[in-house]
Structure formats: C-alpha cells, structure tokens
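S.K.: The chain contents come next:
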Amino acid sequence: MENAKENVMASEAKFAKIRKRRRGTDVLFRNLFRIAGVIAAMMVILIIIFVTSRGIRPFLGSAEERVNLKYFLTGSRWRADQGIYGLGFVIINTLIVSVTGGLLALPLAILSAVLITRIAKGKLSIFLTTIVETLAAIPSVVYGVFAAGKITVLVRDLANVFGISTYGGNSSLAVILLLAIMTYPTMTTLAVSGIRAIPKELDSASLALGATPTQTSFKVIVPAARSSIATGFTLGLGRAFGEATAVSMIAGNALAGPSWNPFDITRTLTSTMLTGLHETSGVDYEIRFSVGVILMFVIVSMNLLVHAAKRRLEKKGGLSA
Amino acid sequence: MTRIRKIKDIFMQSLTWVASGISAWVLVAILVFIFSNGWKLLDRSVLFGDYHAKNIVSGFSDEHNADLTFTPPDTLEDGDVVSTRFGFAVRDEIDKEKNHVHTLTWVDDHSPLLNGKITTAGPTQGTPAPFKAGMNINKFVYLDNSGEAITVGRLKQQSPQEWIPLMDGNAKQITEFHGKEPGGGMRGSLMATLILIGLSLLFSVPIGIFAAIYLYAIAKQNRLTTFVRSSIELLAGVPSIIFSMMGITLIFPIIKLFGASGQSIILGSLTMAVLLLPVLIRQTEEALRSVPSSYAQASLALGATQTETLFRVVLPSARNGIFSACLLAVSRIIGESAALVFTMGTAIQDSPKIGSSATSLAVQIYVLMGGENPNFELSSAISIVILILVLALNLTVKVVSALSDKKGKA
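Each protein sequence line maps, in turn, to chains A and B.
Residue 1 is where the first sequence starts when you use the working numbering, and the numbers rise one by one after that.
Residue 1 is where the second sequence starts when you use the working numbering, and the numbers rise one by one after that.
Bear in mind the hints are in silico, worked out from the structure with no lab data behind them.
Be aware that a few hints might be false.
To be verified - Ranges between beta-carbon positions, derived for each pair:
(1) B:Gln-125 <-> A:Glu-133: 52 to 58 Å
(2) A:Leu-124 <-> B:Phe-227: 40 to 46 Å
(3) A:Phe-15 <-> B:Gly-262: 53 to 59 Å
(4) A:Asp-157 <-> B:Lys-6: 49 to 55 Å
(5) A:Asp-26 <-> B:Gly-262: 39 to 45 Å
(6) B:Glu-286 <-> A:Asp-26: 42 to 48 Å
(7) A:Tyr-285 <-> B:Ile-388: 35 to 41 Å
(8) B:Thr-225 <-> A:Arg-21: 24 to 30 Å
(9) B:Phe-227 <-> A:Lys-315: 25 to 31 Å
(10) A:Glu-133 <-> B:Ser-290: 16 to 22 Å
(11) B:His-100 <-> A:Leu-124: 41 to 47 Å
(12) A:Glu-64 <-> B:Gly-262: 27 to 33 Å
(13) B:Phe-11 <-> A:Leu-124: 16 to 22 Å
(14) A:Ala-309 <-> B:Phe-48: 31 to 37 Å
Claimed, not checked - Stretches of chain A that chain B covers, calculated by requiring three or more beta carbons in the stretch to come under 8 Å of a beta carbon on chain B:
(15) 44-58
(16) 125-135
Where is the CB? At the ideal position from N, CA and C, for every residue including glycine.
Kindly generate the complete structure, drawing on both the sequences and the hints.
M.R.: Below, the structure written as structure tokens:
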C-alpha cells in the first residue's frame, strides 16, 4: 500500500517535470514565432530609417560638397557630371508616365474583368484569366527586352508618321505604353476578385428591375466593386512608380525637363537611381539614396491620395463593397 | 428592350472583347518577339558555356602517331574545309564581334585535337584541353619532314582553303594549336541564380513560416498584431529598387562584420530574403488557415502541446500551400533584377562565388541591354530560359493548389 502510494507520487513528479519541460518548449517556440513576426514587421521601418539617414547625407556635408536641397526638390536639370542635381522635373516626369500609363490600363482592366466575370463562361473565362496571370508572371527585365526591341520601334514609326525624329524610339510614350502593359494584370486581377465578391442579390435586383445584363454589369456591378478597383489601381501605380530595370532601358535619361512631348526622352526616379551604376562613392553614389527617399515619399503620398479618393467615393455612393 | 439599348449593350460588350483582345495580342507579341530573337541562339554552348571568351593553347610535348586518315561525315556543309589527316573541319565565319574566325565544325572522335594538353607554363600546364566543335582555331604549329616548326592558320592571314591542305601535305606531326572558346554563354549566371535561390530561401523560409505561425496561432487581436500585419502589407508594396538600397545601408554593415566586402551573392541573397518575406508570410498564413481547426483541436485534446500540434499536425497538413509559397518565391527570385543590381553587382562571372559579385540571369539581361549596343539575341535567349522557368513554376503552383482543392472536397 505504502509502496504503491510512493510509486504514484514518483510518477506524478515525473509527469510534472515532463509537463514543465513541454511547457518550456511551448514558451520557447512561442517566443521564436513572435520574434520572427516582429523581425518581419520591423523590416519596413528599418528600410525607411536606413535609406533616409543615408539619403539626407548629401545635404548635410561641408559647404562646398553640399547639395542644395531646394534645387534638388525643384530643379529642372540633372547633370551628375557637373554636380547639378535638380530632381524636380524627374518627379514630374515620373508622375506623368506612371499616372498616364495607369490611366491607360485602368479602363482596359475593368473591361477585361467584366468580360472574364460576367460575359465569358467556363473554359473561355479560364483562358482569359490565364492570359492575365501569364502577363503578371513575366519578369520586368523580359518586359524591358520587349520594350527596347518592339515598343520603341513602334513609337519611332509612329513619330515618323508625324515627321518627328526620336532617339531611337526611347521616349515618354514608350515608357507609358510599357507601364500600361505592366500595370494591367494587377488591376485586372483586383477588379476580377472585386466583382466576384459582389453579392448575387445586387445582380438579381438590377435584372428584376428590367436592366439588361450589360447595363447591370456597367451600372451596378462595376460601381459596386470600385473599392477593389481603386485598390488595384493603387497597386498598379505603385508598380509603375517603382519599376526600374525595364523603364531604364527605354527612358533615354533626359538631362533636363520636364518632358511634355510624348516623343521626347524622359527620366524617371528609378532610371535616375540606376544611372552611374559603377560609382561606389562620392555624391554621385550617395544621391541615389536621396532619390530613393523621394521615390518612397511619392509612393506613400500617392497611396494616401487614392485612399482619400476612395473614401469620398464610398461616402458618395453609399455602397460599401 | 429598346433598340438603342440593344446597340449600346452590344457596343459595351464588344469593348470588353477589344480590351481582352489587346491583352492577348500583347502577350503573343511578347512571346513571339522573345522566341524569334532568342530561339535560334539557344543551344548547349549558350546554356552551359562561359560568357567570357577564353584563349586556349593546347598541344603535345611528346611524339605521337600522325599517320591516320579520317573520313568526314556527310553532315558537313559547303565552306567546311576538311583535314583528312587530323580529322577535323573548319569554316571561315564572322563572329558576334564582327571578326573573322575559323570555327571547328567537326572533330572526329579519334582526332589528335581531342588529346592535346595545355602547354603554357602555369598551374594548369599538362591538363587536357580538347578542341571541340564550336571552338575557334587561331593557328597551328606543326613539324615538317625536316623537323622544322611551321606555323599556319588565321593568324598568318591564311584562309582555311590555304592552310589546311598545306598542313595535311607537309606535317609530320602537329605540336601546338591555339584557339579560342567563344563566349556569350549563361552558365555562370545560371549557377549564380541557383546559389541565390538556395541561400535566399535558406534565410527567408524559416523566418517567413515562423512569422506566419505567429500571425496564425499566437497573435491576439491587439495593437501589436495590427502593426505587424500592416507593416508586412507595406513591405509588400516597397519597390524592389528600394530593397537594393536597404541591402547596401542595412545588411551590408552587418555582413561586413563577418568579413564580406562589397557586392556579393550573399548580400543579394539576404536582400532577396527580406523582399520575399511578405509573399512567404501571406501564402503560408493562408495555407495554415485552410487547415481545418478540428485537426488542431483533436491534437490538443489528445494531450499534445501547442508546439507539437503546430509542427506535427498543422504544418504537415499545410505543406502543399507552403510548398507553393516557396515556388512563388523561387519564381520571384528568378525574375528579380532591380533588387540585385546594387547588392550583387553587374559583373558577369563564369564561376560565381558566394562571397563575390556575380549576376543572376535577370541581371545578366539587364547588363546586356545596357550600353550602346544592346545584345538582343543573347538577352532574348536568356529571357526564354527565365520565361520557361517562371511559367513552369507558376503552373506547378496552380496544379498543386488544384490537387489539394480536390483532396479537400473529397
């Protein structure tokens, strides 16, 4: 009897030990998971801090090496060889080509999304989705090769029709077309999922009131999905602003601007960051980080702007989809 | 339905067709352009050859039997000049750099050209250096019957029609041949890409999966979680060229402590590891969420701890989704260029090393397209390889998810 009791107590102590150890493992892993989550979350803050702290360096240094911040933000000439760093026109150029490219892609994306979700059925719808997915999967350098070999030629021929000579087709227009192609898949995908998420009742109600299916698609469903469409537009614009290698192949890197003529060469924030690649020190190198800071700033402001517009749209329509 | 309504509807419908038609046309145009420019170039020597041309001096230090007669194959074309004594054929060509070259078009299996060894002094002296079809011949040195060394070949301004009969007729034995292995290959970048994929996943996948588990199982509905989620969301929207900047300013100082110096594959991998986190976390969390919660509850009810439940029950059930996440990450690495330009460098290497700069396939394209004369042919050939890899990976992801959907329904 005594013996048995002892046995029970011993085994209970053993179990308690095991339980403690297992709980210890649980705590350890829970903390590991938490650390991983926090590391991932910290990255974006670290990026902003480190790139910005490096980016403000050119504006601090000694008087003769210092870059004029006001001219950097508003200047209209970029001559790294002469130490002139006016990024103002580059910001405007970037806005022009990205927003125009995005606006060119948006209607095509919405129309394609309507076709995919509301008109095409079965295999055809899958086939059309596959086209969009394939376009989304093509890496940007491949788009760059295509742009440098085909889009520029197209633009050059078009310019010849108007009797305008181009720099081998490198131009704002070429960049706009490229960015339209590159942002189209993102916008279409988001629009498709937005339209798919619309409750069936909306569709039925519109049809019951006597609207045709096409009328319903464009007057009811697309407006109801505008939140997703706006998100897609923002994501697409983000890609357009940040697109670097493909754009730099066909931008032509204008030395002054802004370039209002679509057949003129241009210069974007990213193409500026990619020039003078072989520099590894000096202002020419450091200024790249400053351009990076501006790029981040432009993207964040654009996000906020579209967000605000989206909110206004939602208020106005009174629909929350 | 009024007639005007009908016309309007048809008009709007046809617009949707036009829009999708444009996208299909663009896709076809891209594929046609890339394949028509690159396909004819894409062969073994481009896939697995060096990028930089290499000069080779090969030959024989000892005597060897030179009294053989070879018969050329029927596949030779006009312009191929055959040496029946030494078993090879040469053609006068213009190479990519617009120079005259004498290219070997056929080398017999028993030809002495395959048995030469490097004769230039140095550590590689004596190692076999066979001359194979595809290489360029600059000159031959042979001993004639009087034992005198005679030099013939392109460097002597002789055409193949001149120097081959001369050598066949007079040579007692050949002693030395100088040639060049033409460059323009992508092997180095292919290897660098593979190393990059391996290292990036090594750093990224554990953190990505752990962070996803945190969001799935540990995170409570509080400020910290909202912050983590929106930060990861933001990270996904950061342009890749900014990741390049981050690699230089944030990661480089860290790996410098371990002795790294400047642009290298390791710096590129760490940069890519950060870039991949949002994709991995999002996909993994989605995969974890698709595991029925009854699995975890059953495991916990049986007395398993949370850790055991996660690693033995939930993660294995979500493996298809996590595998897909890794494949998407690989496809992203293969296509990435901007994030690697500053971190891995733009110097194309034939034998990439982890600690030094190299180019991935995508960056090699970027380098080839820069400068005055963009190399469309090689860029397109590499693009074909990238496209095939990326599309195959995406297809695999679709198949995997379709398969697990089927399993889930059954």
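S.K.: Decide, hint by hint, whether the structure agrees.
M.R.: We went through each hint and held it up to the structure:
1. With their beta carbons about 55 Å apart, B:Gln-125 and A:Glu-133 fall inside the hinted range of 52 to 58 Å.
2. One distance hint, 40 to 46 Å for the beta-carbon pair A:Leu-124 and B:Phe-227, holds here, with the actual separation near 44 Å.
3. Checked against the given bound of 53 to 59 Å, the beta carbons of A:Phe-15 and B:Gly-262, roughly 57 Å apart, stay inside it.
4. Distance hint check: the CB atoms of A:Asp-157 and B:Lys-6 are about 39 Å apart, inconsistent with the given range 49 to 55 Å.
5. Roughly 43 Å separates the CB atoms of A:Asp-26 and B:Gly-262, a value that falls within the hinted 39 to 45 Å.
6. Take B:Glu-286 and A:Asp-26: their Cβ atoms lie about 24 Å apart, and the range 42 to 48 Å is violated.
7. In this structure, A:Tyr-285 and B:Ile-388 meet the distance hint of 35 to 41 Å, their C-beta atoms being roughly 37 Å apart.
8. The given range of 24 to 30 Å is respected by B:Thr-225 and A:Arg-21, whose C-beta atoms sit roughly 29 Å from each other.
9. Checking the proposed 25 to 31 Å range against B:Phe-227 and A:Lys-315 shows it holds: the Cβ atoms sit about 27 Å from each other.
10. In this structure the hint that A:Glu-133 and B:Ser-290 lie 16 to 22 Å apart at CB holds, the actual value being about 20 Å.
11. Distance hint check for B:His-100 and A:Leu-124: the Cβ-Cβ separation is about 55 Å, which falls outside the suggested range of 41 to 47 Å.
12. A beta carbon spacing of about 28 Å between A:Glu-64 and B:Gly-262 agrees with the range 27 to 33 Å that was offered as a hint.
13. Hint check: B:Phe-11 to A:Leu-124, Cβ distance near 20 Å, so the stated range 16 to 22 Å holds.
14. Between A:Ala-309 and B:Phe-48 the beta carbon distance is about 53 Å. The supplied range of 31 to 37 Å is therefore violated.
15. Proximity of the region 44-58 of chain A to chain B, defined as three or more residues with a beta carbon under 8 Å from a beta carbon of that chain, is established by the 8 residues found.
16. With 6 residues having a beta carbon nearer than 8 Å to a beta carbon of chain B, the region 125-135 of chain A meets the requirement of three or more and the stated coverage holds.
The structure fails to meet hints 4, 6, 11, 14 from the earlier list, while all remaining hints are met.
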